[in-house]
Structure formats: C-alpha cells, structure tokens
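Visitor: If you want the building blocks of each chain, they are given just below.
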Amino acid sequence: MENYILTINGKKQEVSAEPDMPLLWVLRDLLNMKGTKFGCGQALCGACTVHLDEVAVRSCSLPISEVKNGKITTIEGLSENGDHPLQEAWVEHVVPQCGYCQGGQIMTAAALLKQNPSPSEVEIEAAMQGNLCRCGTYNRIKAAIQTAASS
Amino acid sequence: MKNFIPVFKDKNKDSEDRSKVFVASRRDFLKIGSLVTGGFLLGVNFQCSGPKGEVMTFAPNVYISFNSDNEVTLIAHRSEMGTGIRTSLPMIMADELGADWSKIKIVQGEGDEDKYGNQNTDGSFSVRMFFEPMRKAGATARHMLIQAAAAKWGVDPSECYTENSEVHLKESRKKVTFGDLVEDLLVMPLPDPATVKIKELSEYKLVGTDVAIYDAKDIATGKAVFGADVDLPNMQIAMIARSPVVGAKIVSYNDGEALAVPGVNQVVKIEGAGIPAGLDKPLEGLAVLASNTWAAQKGREALEIEWDLGPNQDYNSTVQLEAMAKSTLQNGKVRRERGNFNAAKSGAAKTLDKTFKIPFYAHATMEPIAVIADYKGDGTVEIWAPSQHPQWARGAVAGALGIEIDKVKMNVTLLGGGFGRKSKPDGVVEAALLSKAAKTPVRVQWTREDDLHHDFYHSHSAQRIVATLDGAGKLTGWNQHSVFPAIGATGNPDELHPSDGELGLGCTDFPFDVPNIRIETHESKAHTRIGWLRSVSNINHAFAAQCMMDEIAEARGVDPIQQAIDLLGEDRDLNFADETGGKYENYGEKIEDFPWNTGRMKKVIQTVAEKSNWSQNLAAGKAMGFAAHKSFLTYVACVVMVEKDANGNLSIPEVHYAVDCGVGVNTDRIKSQFEGGAQFATSLAMTSAITFDKGQVQQNNFDSYQIIRMPQAPKKIDVHIVPSTEKPTGVGEPPVPPYIPALANAVYKLTGKRIYELPFKI
Numbered sequence: 007m008e009n010y011i012l013t014i015n016g017k018k019q020e021v022s023a024e025p026d027m028p029l030l031w032v033l034r035d036l037l038n039m040k041g042t043k044f045g046c047g048q049a050l051c052g053a054c055t056v057h058l059d060e061v062a063v064r065s066c067s068l069p070i071s072e073v074k075n076g077k078i079t080t081i082e083g084l085s086e087n088g089d090h091p092l093q094e095a096w097v098e099h100v101v102p103q104c105g106y107c108q109g110g111q112i113m114t115a116a117a118l119l120k121q122n123p124s125p126s127e128v129e130i131e132a133a134m135q136g137n138l139c140r141c142g143t144y145n146r147i148k149a150a151i152q153t154a155a156s157s
Numbered sequence: 088m089k090n091f092i093p094v095f096k097d098k099n100k101d102s103e104d105r106s107k108v109f110v111a112s113r114r115d116f117l118k119i120g121s122l123v124t125g126g127f128l129l130g131v132n133f134q135c136s137g138p139k140g141e142v143m144t145f146a147p148n149v150y151i152s153f154n155s156d157n158e159v160t161l162i163a164h165r166s167e168m169g170t171g172i173r174t175s176l177p178m179i180m181a182d183e184l185g186a187d188w189s190k191i192k193i194v195q196g197e198g199d200e201d202k203y204g205n206q207n208t209d210g211s212f213s214v215r216m217f218f219e220p221m222r223k224a225g226a227t228a229r230h231m232l233i234q235a236a237a238a239k240w241g242v243d244p245s246e247c248y249t250e251n252s253e254v255h256l257k258e259s260r261k262k263v264t265f266g267d268l269v270e271d272l273l274v275m276p277l278p279d280p281a282t283v284k285i286k287e288l289s290e291y292k293l294v295g296t297d298v299a300i301y302d303a304k305d306i307a308t309g310k311a312v313f314g315a316d317v318d319l320p321n322m323q324i325a326m327i328a329r330s331p332v333v334g335a336k337i338v339s340y341n342d343g344e345a346l347a348v349p350g351v352n353q354v355v356k357i358e359g360a361g362i363p364a365g366l367d368k369p370l371e372g373l374a375v376l377a378s379n380t381w382a383a384q385k386g387r388e389a390l391e392i393e394w395d396l397g398p399n400q401d402y403n404s405t406v407q408l409e410a411m412a413k414s415t416l417q418n419g420k421v422r423r424e425r426g427n428f429n430a431a432k433s434g435a436a437k438t439l440d441k442t443f444k445i446p447f448y449a450h451a452t453m454e455p456i457a458v459i460a461d462y463k464g465d466g467t468v469e470i471w472a473p474s475q476h477p478q479w480a481r482g483a484v485a486g487a488l489g490i491e492i493d494k495v496k497m498n499v500t501l502l503g504g505g506f507g508r509k510s511k512p513d514g515v516v517e518a519a520l521l522s523k524a525a526k527t528p529v530r531v532q533w534t535r536e537d538d539l540h541h542d543f544y545h546s547h548s549a550q551r552i553v554a555t556l557d558g559a560g561k562l563t564g565w566n567q568h569s570v571f572p573a574i575g576a577t578g579n580p581d582e583l584h585p586s587d588g589e590l591g592l593g594c595t596d597f598p599f600d601v602p603n604i605r606i607e608t609h610e611s612k613a614h615t616r617i618g619w620l621r622s623v624s625n626i627n628h629a630f631a632a633q634c635m636m637d638e639i640a641e642a643r644g645v646d647p648i649q650q651a652i653d654l655l656g657e658d659r660d661l662n663f664a665d666e667t668g669g670k671y672e673n674y675g676e677k678i679e680d681f682p683w684n685t686g687r688m689k690k691v692i693q694t695v696a697e698k699s700n701w702s703q704n705l706a707a708g709k710a711m712g713f714a715a716h717k718s719f720l721t722y723v724a725c726v727v728m729v730e731k732d733a734n735g736n737l738s739i740p741e742v743h744y745a746v747d748c749g750v751g752v753n754t755d756r757i758k759s760q761f762e763g764g765a766q767f768a769t770s771l772a773m774t775s776a777i778t779f780d781k782g783q784v785q786q787n788n789f790d791s792y793q794i795i796r797m798p799q800a801p802k803k804i805d806v807h808i809v810p811s812t813e814k815p816t817g818v819g820e821p822p823v824p825p826y827i828p829a830l831a832n833a834v835y836k837l838t839g840k841r842i843y844e845l846p847f848k849i
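Chains as they are written, first to last, in this note's numbering: chain S, 7 to 157; chain Z, 88 to 849.
Keep in mind that the hints were calculated from the coordinates and are not lab data. Please read these numbers as outputs of a predicted model, since none were measured by experiment. Incorrect hints may have been included.
To be verified - Here are the simulated BS3-like pairs of lysine-lysine, each with C-alpha atoms no more than 27 Å apart in a straight line:
1. Z:K261 / S:K120
2. Z:K441 / Z:K709
3. Z:K463 / Z:K444
4. Z:K444 / Z:K292
5. Z:K494 / Z:K444
6. Z:K261 / Z:K190
7. Z:K561 / Z:K836
8. S:K120 / Z:K441
9. S:K18 / Z:K261
10. S:K17 / Z:K310
11. Z:K239 / S:K17
12. Z:K192 / Z:K336
13. Z:K612 / Z:K670
14. S:K77 / Z:K432
15. Z:K836 / S:K120
16. Z:K677 / Z:K561
17. Z:K261 / Z:K239
18. S:K17 / S:K74
19. S:K18 / S:K120
20. Z:K444 / Z:K731
21. S:K77 / Z:K304
22. Z:K709 / Z:K304
23. Z:K677 / Z:K698
24. Z:K690 / Z:K526
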C-alpha cells in the first residue's frame with residue numbers, strides 16, 4: 007500500500023492504495039465517488055472516462071501510481087451546478103436512455119470541445135468512437151454536442 | 088418458476104388485477120385512517136402520516152401521495168432500464184390528477200407484487216398493462232380532491248377542476264392547493280369507483296406529448312444511482328470465478344494465493360445448479376471477498392480451481408448450427424397448417440428454398456451486473472439491485488436462503504441497460520448467499536468478461552423457408568422451419584422444440600394471405616443458458632421471413648411494399664387459433680382484446696413508404712430496403728437506406744420507421760426507443776455474435792463481442808407515429824425485428840448479394 011495525494015475536482019484527497027489499483031476503483035471504492043462507471047475494465051467502452059489535465063482518459067486502465075501530479079476531473083466536478091453547456095444540452099435533447107454510459111460520454115465530449123470548440127460531424131464521430139452506448143443514443147449525443155458547441 | 092417465457096404465462100392473473108387499481112375499501116380506510124404514525128406509510132389503501140399540525144400525507148392508493156406542503160409523490164413500480172417507463176407511467180397519473188408535473192417527485196417502488204401488482208418489466212408490456220390502472224389511480228385522487236374542495240366552497244363538484252396541483256372553481260379565482268385539502272381528505276368517505284370518471288384522451292396535457300425523462304439531469308451530472316452505486320458500511324466486494332462451461336462443478340481448489348492478495352478477506356464457494364442450470368439459479372463458482380473491487384479481481388485471478396467440466400465440455404456452436412440447418416431437410420413437428428403445402432409444392436411453377444442463420448447474442452448491457460445484499464442477524468435480507476423482475480428475484484433469494492419472501496426487502500435501483508438480461512435473478516441470489524456467509528454486506532461485481540461468458544443468451548437459430556409460386560406468379564405456399572434451443576430448455580433439458588410462445592413471436596403469426604402454410608419445428612438441445620433478448624425469437628423469425636418476402640417479390644417482379652399490402656388482403660382481424668390448434672398466445676393477451684388487424688399493418692406500411700419516399704430514384708451507390716413486422720402487439724414498418732462510398736465502406740444514412748402502438752403516452756420516449764432499437768439491431772445484424780467451443784464462450788470483451796460505435800450508427804432515424812386511439816402497446820422491443828431484414832434487403836439492392844447469415848460483413 008502506498009499513500010497518494012490526488013487533486014480531484016479541485017480538491018486534494020489523500021488515499022492509501024496498491025500502486026496498480028486503477029483510478030476508477032480509487033474513485034468509486036476508496037473515495038465513494040460513484041459518477042464514474044465501470045463498463046469493461048479494458049479501455050474499450052469509455053464508461054469510466056475522466057479528465058487528467060483536461061485530456062479524456064479511461065480511468066479503468068489508469069493505475070493510481072501513474073496519476074502523479076495530474077489534475078483529475080470527474081463528471082461530478084465538470085461544473086459546479088451541473089450546468090456545463092454539455093450537461094444542459096444533454097437534458098435539452100433528452101439524450102439518456104438507461105443513462106449508464108452518459109457520464110463518460112459527456113466527459114469525452116467535454117475534452118473534445120476544449121480542444122476543438124466547433125467540431126465537424128466527422129470530428130465528433132472520431133472523438134466519440136471510444137464511448138459505447140448499448141441503448142443507441144448516438145444521434146442525440148451528436149446533436150447535444152453540436153448544440154453545446156454552438157452555445 | 089416453470090419453464091416459460093415469463094412475458095406471457097402470468098398474464099391471465101394480471102389482466103384481472105390490472106382492472107382493480109387497488110382502490111380502497113371503506114373497511115380498510117377506517118382501519119388505516121385510525122393510525123397515526125410517523126414516516127411515510129405505504130399500504131394498499133388510504134394512508135396518513137404525521138400527527139396533526141405536522142406535515143400530513145394522504146395516499147388514495149399505493150401509487151400516489153401528497154402532503155400538506157403540496158408535494159405530490161408518485162411511485163414508479165416498474166424498472167427503469169432506459170425505456171423511460173419511470174417517467175411515462177407517473178405522467179399518466181399526473182395528467183389525470185391535474186398535478187404540476189414540474190414539481191412531481193418520483194420514488195421507485197420496492198419489489199412487492201402484492202402492493203403494486205406486476206413488476207416484471209419485460210415483454211414491452213408496462214404501458215399496455217398499466218395505462219388504465221394509472222388513469223384510474225389518478226382519476227380517483229382527482230375525484231376526491233374535487234369532492235373535498237366542492238364541499239369546502241359549497242358548490243357542485245361539476246363546477247371544479249384540477250390543474251397545477253390545485254383544485255379550481257370554474258370561472259372564478261377560487262382555488263385551493265392539494266396540500267390544503269389533505270386534512271379534509273383524511274376524513275372523507277370513499278368514492279364509489281363507478282362514480283370516478285377518467286378523462287377523455289383529448290383532455291390530456293401530458294399524455295401524447297414529448298416529456299423529458301425524470302432522471303435526465305441526475306444522469307447528466309453523475310448523481311443517478313445504479314446497482315453498483317449503493318454503498319453500505321463494512322461492505323465487502325465479491326468477484327466470482329464461475330463455471331467456464333454450463334454444468335461444470337468444482338472438484339478442488341487452492342485459495343492460498345488469493346487470500347494472500349492484500350485486501351482479500353475470504354473465499355466462499357457457491358454451489359451451482361449443475362444441469363439443468365435453471366433460469367433463476369447461480370452457476371457454480373468460487374467467490375473472493377475483499378475490501379475493494381480491485382483486490383477482489385486480483386484475488387480471483389490468483390485462484391486455482393480444478394473443474395469437472397461436465398457434459399457440455401465438447402460443445403461447439405458452429406457444429407450445432409450446421410446440424411440444425413440440416414435437420415430442416417427432414418419433416419418436423421407441424422405447428423401451424425393451412426391448406427396443403429405439399430400439393431402446392433408439387434404443382435409449383437417455381438420454388439424458392441432458403442436457409443437463414445442467426446448466432447447467439449449476449450445482452451452486453453453497459454452496466455455489468457452488480458448487486459448489493461445485506462443479510463442481517465435477524466434473518467432478514469435487504470437487497471439493492473438493477474432488477475427487471477424484483478419479485479422473481481425476491482422469491483429466488485427467499486428460496487436460496489430458506490426464508491419467507493417477506494423477509495426479503497428488494498430495492499430497485501436504476502438499471503444500466505436490461506434488454507432481458509436483468510430479469511434473471513442469478514446475480515441477486517449470489518449476493519444474498521455471500522452476504523449470509525460473510526455476515527457483512529456484500530456487493531457482487533460482475534466484470535465485462537463475466538457478463539459475456541455467463542449470460543442467458545439469445546439462442547442461435549436456423550430458419551429454412553420454402554416458398555412456392557404458381558404459373559401466374561402467385562405465392563401459393565409458405566413452409567417455414569424454425570429451429571433453435573428453447574428458453575425452456577434452460578430449466579428442462581427435455582424441451583427440444585421452441586415453445587408455442589416463442590413461435591408466436593413472428594412465426595406462427597405469419598399474416599400473409601397465402602393459401603397453403605406449414606410451420607414446422609425440429610429438435611435442438613441447449614448446451615448453455617438460453618434467455619430472452621430484446622424482441623426474443625422475433626429476431627430470427629422476422630429476419631428470415633422478411634428477407635424471404637423480399638426475394639419472393641423479386642421473383643414475382645413486384646414491389647415488396649406493394650406485395651406486402653396486397654398479401655395482407657382486406658382490412659380484417661386475423662385469428663391464428665384454428666391453424667395452430669389453439670396454441671397462438673398473442674403475447675398473453677386475448678385476441679379479442681388485441682386483435683391482429685391487417686388494416687393497421689397496411690397503414691404503417693403505407694406511412695413508411697410515403698415518409699421514406701420509397702418510390703424515389705436513388706443516386707448510384709444508394710439503395711433502400713423494406714420490412715414490416717408486428718411484435719408485442721405493436722405494428723411497425725421500416726425502410727433502411729444504405730450507401731457505399733468509393734472505398735466500398737457501407738454506411739446507413741437514413742432509417743424510417745412507422746409505428747402504430749395505439750395511444751402514445753410519452754411520444755419522445757417512443758421515438759427514442761426506435762432510435763435506439765435501430766442502433767441495437769445494427770449491432771445484431773453486422774457486428775455481434777457469441778460462439779462456443781469446448782463448451783466455452785469465445786468472446787471476452789468489447790474487442791471480440793463488438794457493438795456498433797458512433798461512426799457506424801445510422802445517421803438519421805425518423806420515427807413516424809401513426810395517430811391512434813387504440814389501446815396502447817409497448818415500444819421497447821418492436822423496433823428491433825423489422826430493422827434487420829430491412830437493412831439486409833437494402834444491402835442486397837446495393838450489392839446484389841443476399842444475406843443469409845448474421846452478422847454479415849460487406
């Protein structure tokens with residue numbers, strides 16, 4: 007077990023964990039932050055997406071020892087009042103069906119818009135292809151990203 | 088539980104229950120009305136809570152309550168897995184009640200069938216079953232509110248109406264909030280149900296409109312609670328090494344290395360059912376319990392287990408599917424007969440004979456199963472589970488622990504997808520057994536590999552269809568052979584033919600006006616656990632039949648849409664009873680209540696033809712395909728457009744659906760189910776398949792069991808809802824079956840290559 011000090015959503019958090027424990031389980035099991043979801047454990051589905059220094063990463067495959075001084079943002083910390091333009095667009099387009107993958111979708115989309123504030127349809131598809139949705143909300147996800155980008 | 092598709096068999100009881108609405112009787116009112124208790128009391132009938140002067144709650148039935156602060160709470164008693172049902176049923180009540188929707192609170196009801204009625208969220212029947220009860224529940228409460236306000240004002244109740252959670256007096260400024268009437272209501276006599284009038288469809292303000300789902304913001308901000316999100320003090324996390332082959336048993340094991348993993352506390356064996364595996368039992372397994380999920384996973388990897396793999400260890404699904412296809416060359420068991428197919432065949436000018444193959448599919452819900460159980464010292468157990476069928480889970484837990492069902496408290500979380508998988512209570516039973524053994528709360532956490540390896544799969548299938556044409560090009564005969572290991576075989580290995588229920592899903596209900604029809608089935612054995620996946624055997628039947636109809640149209644030189652309309656014949660109600668020996672189940676509904684109406688089917692076909700501009704001349708590189716299929720009592724027609732680019736890549740620029748599901752409740756969720764259904768079905772058609780070798784599933788994760796990603800999704804999905812005042816029917820499953828053949832028929836038009844096996848590649 008090692009001690010780590012992480013910066014999560016602007017707050018310093020101290021945890022003791024095995025160095026190979028993925029950030030996903032640090033968040034969920036050790037810090038009781040349940041917004042980030044487990045989907046595949048192999049960085050294949052994107053349900054666990056968080057930001058590490060503003061870049062979208064799959065927390066299920068990122069060992070805590072690799073986080074170092076990186077600043078982590080989770081869906082809970084994307085905006086203070088749940089009013090990030092993407093979150094508002096998600097509600098406006100009623101994107102979610104079951105909702106399980108949507109936190110990860112929003113985090114990937116938020117990282118995209120940071121890098122590219124007005125992505126084309128093809129750029130959205132390329133950026134979002136790592137995030138699976140079994141319910142099939144892809145079209146509304148795309149529409150919500152376009153709405154958020156234009157706001 | 089018997090061997091069945093639960094979708095149907097428990098319906099007769101339900102159709103009686105659903106008319107009752109759990110309206111209070113005077114005797115119950117007096118009994119419960121005399122109680123003064125703190126907290127929110129739920130019973131079947133009238134309730135109040137809180138001593139006088141404090142917040143008082145009035146509940147005219149189990150689904151609705153409001154308090155003296157004018158907070159209206161509605162119970163969602165069906166499981167939310169993405170269909171929007173947690174919003175749609177409360178919408179109906181709120182509309183009848185005249186409640187302010189923006190301030191409604193929705194609370195998920197726990198698993199308790201005696202209290203809420205059927206909670207088996209499956210078979211696309213929530214709205215179908217509960218539209219009327221929800222209307223009556225809301226209307227009863229509105230009736231009482233109006234009576235109370237009218238008495239207060241000394242006016243006739245007909246002068247009053249409800250709106251915004253207030254009772255209003257017509258043509259005046261008088262109004263009173265629901266909350267201010269609670270005290271009056273608590274001493275009011277009960278209404279005679281005959282005097283309670285439900286609203287006309289035209290009076291609804293919410294029903295028939297697009298309403299956002301209740302949980303949208305919680306989901307978008309990460310606050311929504313799914314199965315794995317419940318946290319209890321001292322909870323351990325369990326990961327289970329389960330039988331790699333169904334029926335495998337543990338011979339011996341060494342858990343020394345597992346126990347040495349930091350954080351691992353103990354190892355517990357779960358005894359499996361063996362064979363038959365059963366629909367409600369866990370597989371044999373060895374559970375590693377740890378203080379966190381990662382430790383449990385590492386501990387599981389460190390287990391050494393010697394398995395007796397049992398009788399399924401040589402099973403190969405490809406070999407079986409070939410054998411199933413071959414079996415259709417023999418005479419089978421006749422399940423529907425009209426006319427004389429053999430005579431039609433011997434007199435035919437042309438015979439088409441095609442065999443279609445469909446693989447096993449896994450549900451692959453985005454949320455792998457996660458269940459929390461807390462077995463308490465007093466012999467009760469509390470569960471939190473993403474369960475589609477909480478009552479079944481409750482019974483399965485009671486059975487596994489040897490306790491009474493009322494000792495099991497079953498909380499239902501949001502489900503991260505269901506599609507039929509989370510009907511099965513195996514994960515719930517695992518959690519309960521482990522919590523009892525460990526004497527701590529336990530979360531059983533499945534991984535994606537667990538999910539794909541230990542599903543109750545959609546059965547692979549061979550479908551052979553022989554169609555005959557006479558010299559004039561008339562379709563004279565239809566002979567469909569349907570072969571697949573049945574769901575029932577999971578509980579009873581002697582069940583070798585598809586059940587009547589499974590055949591009624593798009594096979595024995597073949598609706599076209601063909602003079603000679605024979606439907607046959609052949610034996611096939613289940614070597615894994617078979618379950619139901621979104622639209623069940625409609626997937627197999629619609630793919631084969633609707634691709635075949637397209638081939639027949641081509642052979643006859645007619646347009647497939649015109650052919651479908653012509654062969655549906657006059658507007659009339661079909662009845663499959665005579666030709667099936669009375670074995671057509673009609674999704675558990677009486678055919679008189681929900682007839683198979685050719686006119687409604689033709690209407691959706693005509694609508695989709697018009698909306699998709701079917702007769703247009705498409706540019707080179709584009710083509711459209713058509714299919715229509717009724718399932719779960721909902722009529723659907725579908726046109727899919729495909730496009731091939733210069734590099735030979737296929738895309739799906741447009742999908743058009745027309746649907747008649749009777750009265751539409753939340754039209755936005757009808758559309759979203761079709762949008763999602765098209766995407767789900769694209770995966771089934773083009774990317775997903777489960778195969779077995781040596782009895783074991785060969786796919787492990789989303790790299791080998793692929794579901795479509797955003798770039799592969801249909802670009803535009805238009806859903807045209809045909810206005811209807813017929814009884815509402817569900818929309819969760821009906822989008823899937825016609826989409827696959829419509830896509831396959833479009834691909835044929837584009838490439839000249841017919842599709843006979845799923846998943847197909849271009």
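Visitor: If you test the structure against every hint from before, which numbers come out violated?
Guide: Failing hints, ascending: 1, 3, 4, 5, 8, 9, 11, 12, 14, 15, 16, 22, 23 and 24.
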